[in-house]
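Undergrad: When you get a sec, could you build the whole thing from the sequences and use the hints?
Protein chains in written order, with our numbering: chain H, 1 to 359; chain S, 1 to 608; chain W, 1 to 279.
Hint data in this document are derived by calculation from the structure and do not stem from the laboratory. Among the hints, erroneous ones may be present.
One side only, chain H facing chain S, incomplete, derived with CB under 7 Å [unchecked claim]: (1) ALA51; (2) PHE53; (3) PRO73; (4) HIS74; (5) ASN79; (6) THR80; (7) PHE82; (8) ALA86; (9) HIS90; (10) PHE99; (11) GLY100; (12) MET103; (13) GLN104.
Derived coverage of chain S by chain H (criterion: at least 3 residues anywhere in the stretch with Cβ under 8 Å from a Cβ of chain H; other residues may be distant) [unchecked claim]: (14) 153-160; (15) 165-172.
We treat Cβ as the ideally placed atom computed from N, Cα and C, and that holds for glycine.
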Amino acid sequence: MRGAIRLVGVGKSFGGTEAVREVSLDVAPGEFVTLLGPSGCGKTTLLRLLAGFETPDAGQVLISGRDVAGLPPHRRPVNTVFQHYALFPHQDVAGNVAFGLRMQKRPAAEIRDKVARALDLVQLAGYEARRVDELSGGQKQRVALARALVLEPEVLLLDEPLAALDAKLRAQMQVELKNLQERLQMTFVFVTHDRDEALIMSDRVAVMNAGRVEQEGAPDALYDRPRTRFVADFLGVRNLLHVRVLRIDEGLAQLEAGRLRFAARDDGGYRAGAETWVGVRPERVRLLAEGASEAGAEDGVVEDEIYLGDRTDWVVRAAGHALVVAESARGAQPRGRGERVRLLLPPEAVLRLADGDGV
Amino acid sequence: MNRRGSGLGLFALLVYLFLYAPILVLAALSFNESRSSALWEGFTFAWYLKLLQNAQVMQALRTSLIVAFVSTVFSTVLGTAAALAFHRHRFRRGAAIEALFALPIVVPEIVIASSMVLLFAALSLRLGLLTVVLAHVAFSISYVVVVVRARLAGFDRTLEEAAMDLGAGPWRTLWTVTLPLCAPAILAGALLAFALSIDDYVITSFVAGVGSTTLPLQIYSMVRSGVSPEINAVSTLLLLATSLLLLAAHLLERGKPARLCAAPAGLGLALLAGPFLIGGPAAAAGEKVLNLYIWSNYIAPETLAKFEARHGVKVNVDLYDSNEALLAKLQAGNANYDVVCPSNYAVAILARQELLHPLDLTALPNLAHVDPAFLDRPHDPGNRLSIPYFWGTTGIAYRKSRTGPIDSWAALWEPRFKGRILMLDDARETLGIALLLSRDGHGVNETDERALRQAKELLLVQKPLVRTYNSADFDQVLLAGDVWLAQGWSGQFARAMDEDPDIEYVVPKEGSSFFLDSLAIPRGAPNPALGHAFLDFVMEPEIAAEICMTMRYSTPNRAARALLPAAIRDHPAIFPPPDVMNRVELLEDVGDATVLYDRLWTEVKSAR
Amino acid sequence: MTARRQALLLLVPAALTLFVLFVLPQALMFEASLGRRSAYGGIVHEWSFANYARALEPLYLGIFARSVGLAALTTGLCLALAWPVAWWIAFRVPQRHKSALLVLLVLPFWTSFLVRMYAWIVLLRTEGVVNAVGVAFGLPAFDLLYNDLAVLIGQVYGELPFMALPLYASMEKLDRRLLEAAADLGASPLRRLREIALPLTLPGIAAGAVLVFIPSLGAYLAPDLLGGAKGVYVGNLVQSQFAVARDAPFGAALSFVLALLVFVAVAAARRPLAAARGL
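TA: Printed below as a string of structure tokens:
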């Protein structure tokens, strides 16, 4: 049970605004779970409820099987890596890392030993006497990490720890953090608004929206099968269409969005005559040359080109909808604005989405 | 930097010049050879040496530093704690608590001062160091709160959360993270509290008692003889000490190595500790102490030293500059003086309120040396409560090269002296001479409202001619050349005449008032026997002569007068001819008419 | 819960000190203001509002008006002098010199106010330093001392830092990009001052105004020493009731009227402060 987390119906509101609503979540020992969502979705509040900086209005929080209600932050078996590191500017690197051990009144020799090992772990051996404001962003990040890890917490909480780093360093730290976690077999609860970060690092991702966990699952499952309009949108399903189900035959649902008609593989959730949302990833839409006569293809006109280096996004207007189509750089052919194309939404690429209360 | 920028810089430079002009002047004067002149007469360190020898100023400096230090420690601790409380928690009755902390900042000082006196009297707390420290703590707390709160407003709360997260409880978080990070603000708050304490005059003057004369009080009471270069010297030294400490703090904040900051810090602290190293407070344990409460410039330290030596005691001197201050202290009933020096009318008031200790005349054999003309007066029949100490007249001192001879109060109404006339800032003295001039035979103790209103009209007519009303350093204003004629008291003018032979003193022909200051022992004095010994001591002819020589006020001691050199014995201001004595009248208490006098005087002063 | 308890524990000592040493005395003071003066200058505790009626007589109202005028003038002049200086320090001076310049603003305050006032007398008197310099340049000597101008100089001198420091604090928080944006949008320097700089430093102006106005209302040393005591201000009036006329009840009543004035002034400053906080 050491390192397990269980949240049962947890709620928290601030002056009438519900920041967290009825969240229930289980985290297994040694698991890397990410809370993913836009700012204001309640992910940081949830983390602070775990750390003990906030007390829940409703529900239960159990850490390692123990109800931590009424337990102040300094008595909880968790430690936090803060968003802007929160390193103590009046202490040097060693002082920061040793802080928690000093609070536990450990013997000096043990502190020295553990601090050295912790700094070694984050590749900062020899930085003991450095002043905090002399460190680079990445180094501060590592000190913050060492400071939390040195206490060997049952759960490590990380609040957007990489947000302030530049792209290259962030990518590097993502890998390092993940390796570290696997090596230590420690439960990590990671908060981020960065979809890629969440998908790369986590064992499991919980997508939050307006205080609720909208969907949770392994990164690939989540990526392949977002269940709600909000989750789909957040995970990069950019073509979202409100459709009416015309009929269902041969395992295909025939859909209609305005003048646009296309089919989706029926997962058993479509009901003839009902309305619903569907989504298609830009990279799953196929572009065909003008005049190509594949079944189900629609005529369209290229409205805009967004060059992204490794791929190009085209905005294509077809049957009154502006759809985004992505082509990898290698496959892409030069196209001009106003060029006529044909466009195909493959049935297996169409995802049925619950409405959710997303954007 | 562009043209507009340099214009702004020039403006700022002028403002800084405005701020530092007086500071430069006082620093320069502390090295000036001349005592009273603003003109440069040569460089000297003499005033700094005199400062070291001036026991009273050094004692006041020590008291000020002790009060400032203790009150700074307490107000900084209390204020910082309160600021942290505001930072940590939103209180439910926030507005009321905020208002409480705003009180010391928004209530005018004079109101704070007078209300605290009422409180200490109600608590029957003895006025002294304790009450001064309490008052200083009280008015400094809010300023510390303001400064520390300002710093905490920009405080990154996640640092505290990080500490709690790492296992520090609320108190340890406070101690290990919050406090160290607020240290600069706490230091700034402490420096502000120190500055407020060391500069406070108004509140301190109300709540001070035995042994709590602070430097501002000492300075204020010395003002009668002009701010002496010693005061400029002590101010310069204090400024230097603070500058050094601030410099050290500044270097430290800029991350300079500690040993670089140690030099200015050490020097600054040494300057502040200096007064305690040079002749510390003498009163050893078990030694008897005489607490003397007396006018400033009324007794020389050398004279007191003789008394201390003869009786093996220590004399504690506190100073005042008005009878009313003395009355307020004795009436509050919580001062502990052994000997006080009230004027005749104040003796009468104290006698009626039974606030004086009856004298044992058998213990005062030297009373025989006192001129009977000053004994058995109406304010104290049979001298059962007081003995005469000094007397003096009210008259006009004038610069004879500018005015020619003067013999009448009417000169102070002459338009040709417009802008060159000084009058005492004193309802009794000014209305008094207006009464004498009115030719209806009114005396200086008139209480008839109609006569007083006429006198007021006369003063209103005179007002456009008056340069200034001043009853503190009127002699200095005359010496400095700002005025040519000054109404004032004889002793101070006698000293002015010694400095400048162009100054003449006259008791005008219409008559005038005179005062008789006595020594008395307050009821409840801790050591009345020693008080008697002191009273008898100052009536010894040699001692009385010495006091008269050093202070230049008129001694009522006949035997002493015979011992004085001719220059003083026949000085027209100190010992006026007998005909003058026939036309002067003692100022008496006018009872309820005091309020009328004050009101009429307010009307005169507030007229445009 | 523990945070609340801790906060209370931290607050109580200071709050209690202030309650005992400020609120209680004010209550005693109010009681005294209802009494009357005894023949010897004590307090007779027979309650009436006579002292308040007296405080509202034209003579005393005139003195209150004069004090408000002096305080307002002092506040205005302090603002006019301190604003550009604070601006200069905040925006024109290199970072490393700022704290030194701020300290220099306050340093004169570590000498006794009294001593500084006397230094002004030496500067301003007929045969004083300013006139000596003037005469050296062929100017006639002026009577600079013992008039309303001298009082104003002394008052402004004494209060200037209390205006400059809050102004600087509010300017330091001001984002200078806002000014650049305004300039970029075509605002002239004067318009930038009026439309951006002044409104955004309003909290500092209001705080400084309160800190200068209130002590100026109770001023009595500068009028006495530099003004030659030729005008009466509330401060002198209250002081003389306690220290000369020994009419504590009337002095207490005057104090309460003065306190009332102060509260009106603070309430007036609250609005811009509150509005500015909402920005």
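Undergrad: Checking each numbered hint in turn, tell me which of them this model violates, lowest number first.
TA: none
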